[in-house]
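> Here are the chains, one letter per residue:
2 protein chains.
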Amino acid sequence: MKAEIICVGTELLLGDIINTNATWLANQLKDLGIDLYYISTVGDNRRRMEEVFKTAYQRSDLVIITGGLGPTEDDLTREVVSAVTGRRLRFYQELADQINEKFKKFKRKMTPNNLRQAYLPEGAEVIKNRVGTAPGLYLKVNNTIFVALPGVPREMKINFTEEVLPRLKKELPEKGIILSRLLRICGIGESAMEEKVKDIIQNQSNPTIAPLAGNSEVYLKVTAKAASKKEAEALLKDTVDQLYQRLGMYIYGENDETLELVVGKILKKHGLKLAIAESCTGGLIGHRITNIPGSSDYFERGFVTYSNEAKIEELGVPEDVIVRYGAVSPETAKAMAEGVLENSRADIAVAVTGIAGPGGGTPEKPVGLVYCAIADKSGRVDLYDFHFWGEREWIKYSTSQYTLYHLWKYLINKFSVEPKNTQ
Amino acid sequence: MKAEIICVGTELLLGDIINTNATWLANQLKDLGIDLYYISTVGDNRRRMEEVFKTAYQRSDLVIITGGLGPTEDDLTREVVSAVTGRRLRFYQELADQINEKFKKFKRKMTPNNLRQAYLPEGAEVIKNRVGTAPGLYLKVNNTIFVALPGVPREMKINFTEEVLPRLKKELPEKGIILSRLLRICGIGESAMEEKVKDIIQNQSNPTIAPLAGNSEVYLKVTAKAASKKEAEALLKDTVDQLYQRLGMYIYGENDETLELVVGKILKKHGLKLAIAESCTGGLIGHRITNIPGSSDYFERGFVTYSNEAKIEELGVPEDVIVRYGAVSPETAKAMAEGVLENSRADIAVAVTGIAGPGGGTPEKPVGLVYCAIADKSGRVDLYDFHFWGEREWIKYSTSQYTLYHLWKYLINKFSVEPKNTQ
Numbered sequence: 001m002k003a004e005i006i007c008v009g010t011e012l013l014l015g016d017i018i019n020t021n022a023t024w025l026a027n028q029l030k031d032l033g034i035d036l037y038y039i040s041t042v043g044d045n046r047r048r049m050e051e052v053f054k055t056a057y058q059r060s061d062l063v064i065i066t067g068g069l070g071p072t073e074d075d076l077t078r079e080v081v082s083a084v085t086g087r088r089l090r091f092y093q094e095l096a097d098q099i100n101e102k103f104k105k106f107k108r109k110m111t112p113n114n115l116r117q118a119y120l121p122e123g124a125e126v127i128k129n130r131v132g133t134a135p136g137l138y139l140k141v142n143n144t145i146f147v148a149l150p151g152v153p154r155e156m157k158i159n160f161t162e163e164v165l166p167r168l169k170k171e172l173p174e175k176g177i178i179l180s181r182l183l184r185i186c187g188i189g190e191s192a193m194e195e196k197v198k199d200i201i202q203n204q205s206n207p208t209i210a211p212l213a214g215n216s217e218v219y220l221k222v223t224a225k226a227a228s229k230k231e232a233e234a235l236l237k238d239t240v241d242q243l244y245q246r247l248g249m250y251i252y253g254e255n256d257e258t259l260e261l262v263v264g265k266i267l268k269k270h271g272l273k274l275a276i277a278e279s280c281t282g283g284l285i286g287h288r289i290t291n292i293p294g295s296s297d298y299f300e301r302g303f304v305t306y307s308n309e310a311k312i313e314e315l316g317v318p319e320d321v322i323v324r325y326g327a328v329s330p331e332t333a334k335a336m337a338e339g340v341l342e343n344s345r346a347d348i349a350v351a352v353t354g355i356a357g358p359g360g361g362t363p364e365k366p367v368g369l370v371y372c373a374i375a376d377k378s379g380r381v382d383l384y385d386f387h388f389w390g391e392r393e394w395i396k397y398s399t400s401q402y403t404l405y406h407l408w409k410y411l412i413n414k415f416s417v418e419p420k421n422t423q
Numbered sequence: 001m002k003a004e005i006i007c008v009g010t011e012l013l014l015g016d017i018i019n020t021n022a023t024w025l026a027n028q029l030k031d032l033g034i035d036l037y038y039i040s041t042v043g044d045n046r047r048r049m050e051e052v053f054k055t056a057y058q059r060s061d062l063v064i065i066t067g068g069l070g071p072t073e074d075d076l077t078r079e080v081v082s083a084v085t086g087r088r089l090r091f092y093q094e095l096a097d098q099i100n101e102k103f104k105k106f107k108r109k110m111t112p113n114n115l116r117q118a119y120l121p122e123g124a125e126v127i128k129n130r131v132g133t134a135p136g137l138y139l140k141v142n143n144t145i146f147v148a149l150p151g152v153p154r155e156m157k158i159n160f161t162e163e164v165l166p167r168l169k170k171e172l173p174e175k176g177i178i179l180s181r182l183l184r185i186c187g188i189g190e191s192a193m194e195e196k197v198k199d200i201i202q203n204q205s206n207p208t209i210a211p212l213a214g215n216s217e218v219y220l221k222v223t224a225k226a227a228s229k230k231e232a233e234a235l236l237k238d239t240v241d242q243l244y245q246r247l248g249m250y251i252y253g254e255n256d257e258t259l260e261l262v263v264g265k266i267l268k269k270h271g272l273k274l275a276i277a278e279s280c281t282g283g284l285i286g287h288r289i290t291n292i293p294g295s296s297d298y299f300e301r302g303f304v305t306y307s308n309e310a311k312i313e314e315l316g317v318p319e320d321v322i323v324r325y326g327a328v329s330p331e332t333a334k335a336m337a338e339g340v341l342e343n344s345r346a347d348i349a350v351a352v353t354g355i356a357g358p359g360g361g362t363p364e365k366p367v368g369l370v371y372c373a374i375a376d377k378s379g380r381v382d383l384y385d386f387h388f389w390g391e392r393e394w395i396k397y398s399t400s401q402y403t404l405y406h407l408w409k410y411l412i413n414k415f416s417v418e419p420k421n422t423q
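In order, the protein sequences belong to chains V and C. Reading the first sequence from the start, the letters are residues 1 to 423 in the UniProt record's numbering. Reading the second sequence from the start, the letters are residues 1 to 423 in the UniProt record's numbering.
Think of the hints as simulated: they come from the structure by calculation, not from any bench. A few of these clues could be false.
You can't tell identical chains apart in this list, so a pair holds if it fits in one copy or across any two.
When the alpha-carbon atoms are kept at most 25 Å apart in a straight line, the in silico DSS-like pairs for lysine-lysine are as follows [said to hold, decoys possible]:
# : residue 1 : residue 2
1 : K409      : K107
2 : K109      : K365
3 : K198      : K107
4 : K2        : K54
5 : K54       : K30
6 : K107      : K196
7 : K365      : K102
8 : K109      : K198
9 : K157      : K140
Pulled out of the complex, with its shape left as it was, chain V reads as follows (with noise of 0.2 Å):
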């Protein structure tokens, strides 16, 4: 199956958006084993969309289109798609329900633009939007698959995941599988890291083993192909085993776990209350670890103490270790860490407190020292410090990312939990 990408938008024309729509549509095709051969960008303009979905048309079996699904004038995919194929637009009384309930359970006026979004070309199966109002249109048409999602990276990846794989999947011949783990590594970096598996990436053709970048972490893309589901797995789990060997505690889990969730796991698994104090990160960590649904089963409550003012109110920080060491300190960490127990219902606590920049730096303390503080009820309080160097807010989301794993391992250490994590 030879697939195109078209990205309509003419923002992105104008360079005002990186298209992460295509790179993440390519990965996907990637993985069902379908050859990508074109991406086009193109703006919303009728005549060069029809000029490019045309030409899609002729040379591709599979387009998927993104963008231009949106009520207004300028959304034009659903008629250039409608004129190229000769299927004339159809109006969906599903569609126009769907859009004048969603306006009115939302108690919004529905301006009457928003029913161009109910007519699809004849034919069309509805690609449902559960997180959005734009719906697109799934049209198999002369052995010519049209997909159009909508633009927003957001709702486009929801709806290609629930909406188009399983339908692309049932188009697929059934020939080798591909299967890919992802282990997800913290605290240490990228070149070290390699250095460490460099050998068993070099001598490895299937799986292959692909190291890869994240924010403040890195990953290791191990991908099988195989006849049959069974052997992809166990040629993954042999290499896999390998890089657990070598890699141990900096690989925190796999697939789409992130350390939010990870730590959400063992404190809800042991009954655990977590409580933070933040300074630096102004509520970052907190907002992390909400984003974890049920979380209200483990997160008790944050403090974000950015003055030092909150810090002796809040936390009871001895006014003194303030003056004596600074805010930004081990003291201080270890302060607030201890202060958030006895202010908190908690039974774990963690504190952070450092210079986030661009400003407030010294000699001594500079922009990105930051002091970590994870305690609890025994008395017991580790103490870390850690030193990034770049921007604001690169400096917080590390800050969260670092407190983050030095929590889980806290947690894996305190439980004596295996952390290899095999399938």
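Got chain V sorted already, so can you dock chain C onto it with the hints?
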């Protein structure tokens, strides 16, 4: 001048690399006033490259190609430009000498395939590459200009800026100027917003007005073309003034001015301290506020009162209020905001409580229902209710967005500031 970008490289079709070259070049062309109509990506495949290059030759005045200029058999850009334009490849002695010299300088052995880089289509000017090995080409043939640049982003950018930009400027008839202003709009949906300004958008060709969707906000991008900067600015001002008249307080900022930034600016200017209490957002609002450098001047502290106990103990929310009205209720939001004022040193307090889902919803209080309170020392408390739909992270983000928007409106009204920000 109609331009087109072609990115060559199978790695782009495999999704291994995000195509930042195209975005960067798109911005360069915009600044030059050159209209970019298409971006195409194609793999290192001779037949498909020929097809894409040929189409571009037929429809565009300027074709900028990145990638495919290296020394390997896979690097086909030179050959394909030659085939499509009918200009035979010619040996450039100067290029061969340069390549030889570079290898000598770095004491590496030159393999014969490197000499492939010494061939260019007849009539092509050499694009020097002072930061890498692969030279590019600049070829004018039948009123179409072909530019080929290396795919490595750093080399591509330096070569474009130093070698291509001066040549293109000479080709342009008059130095037209393009200027844009991005209006940032919150508190209204995309279609309702467009309805309000539809006639202005439709009756307008210079400046153009493009509606763009953001995350829980929308944009209007106003772009003017003129002979001089002054003239472009005047054109922009006229149109932008009209849009402000229609949209008023929905426009909270322009260009890079985020909500956290405009809120912070007013707080700082008036020497006010802000403290917040977050329930469903888990720290996200504090995180966003502290993304702004210098936010410690006005952000005093935050309470992430995730559990009911935290709401009662940290903020003094009466247990009775939670029991009678629920943790997600206007009454609780109000008590939280008042509690923030009493338990901090802030002048203004913001509190949110809601149901981020996926669990925890009821028919009366569905997932996505959020209450927000803004309180100040005068005893005034403003209450808002939001009704979002979507996933957990989306509801959290939308809550942070609408909370910051209402805080901005509160501050604008408090200080009778004119929101209109005409540059």
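> Now tell me if each hint is right for this structure.
Checked hints:
1. For a Cα distance limit of 25 Å, the shortest separation of K409 from K107 across copies, 22 Å, qualifies, whereas the shortest one inside one copy, 47 Å, does not.
2. For the identical chains of this complex, K109 and K365 are inter-copy neighbours only, at 21 Å across copies versus 55 Å inside a copy, given an alpha-carbon limit of 25 Å.
3. For the identical chains of this complex, K198 and K107 are inter-copy neighbours only, at 22 Å across copies versus 58 Å inside a copy, given an alpha-carbon limit of 25 Å.
4. In this homomeric assembly, K2 and K54 come within 25 Å of each other (Cα to Cα) both inside a single copy, at 15 Å, and across copies, at 20 Å.
5. Taking the closest pair of Cα atoms, K54 and K30 come within 25 Å of each other only inside a single copy of the chain (24 Å); across copies the shortest separation is 27 Å, beyond that limit.
6. In this homomeric assembly, K107 and K196 come within 25 Å of each other (Cα to Cα) only across copies, at 18 Å, whereas the closest approach inside a single copy is 57 Å.
7. For a Cα distance limit of 25 Å, the shortest separation of K365 from K102 across copies, 16 Å, qualifies, whereas the shortest one inside one copy, 53 Å, does not.
8. Taking CA atoms no more than 25 Å apart as the test, K109 paired with K198 passes between copies only; the shortest distance there is 16 Å, against 59 Å inside one copy.
9. Taking CA atoms no more than 25 Å apart as the test, K157 paired with K140 passes inside one copy only; the shortest distance there is 21 Å, against 42 Å between copies.
In the structure shown, no violation is registered for any of the earlier numbered hints.
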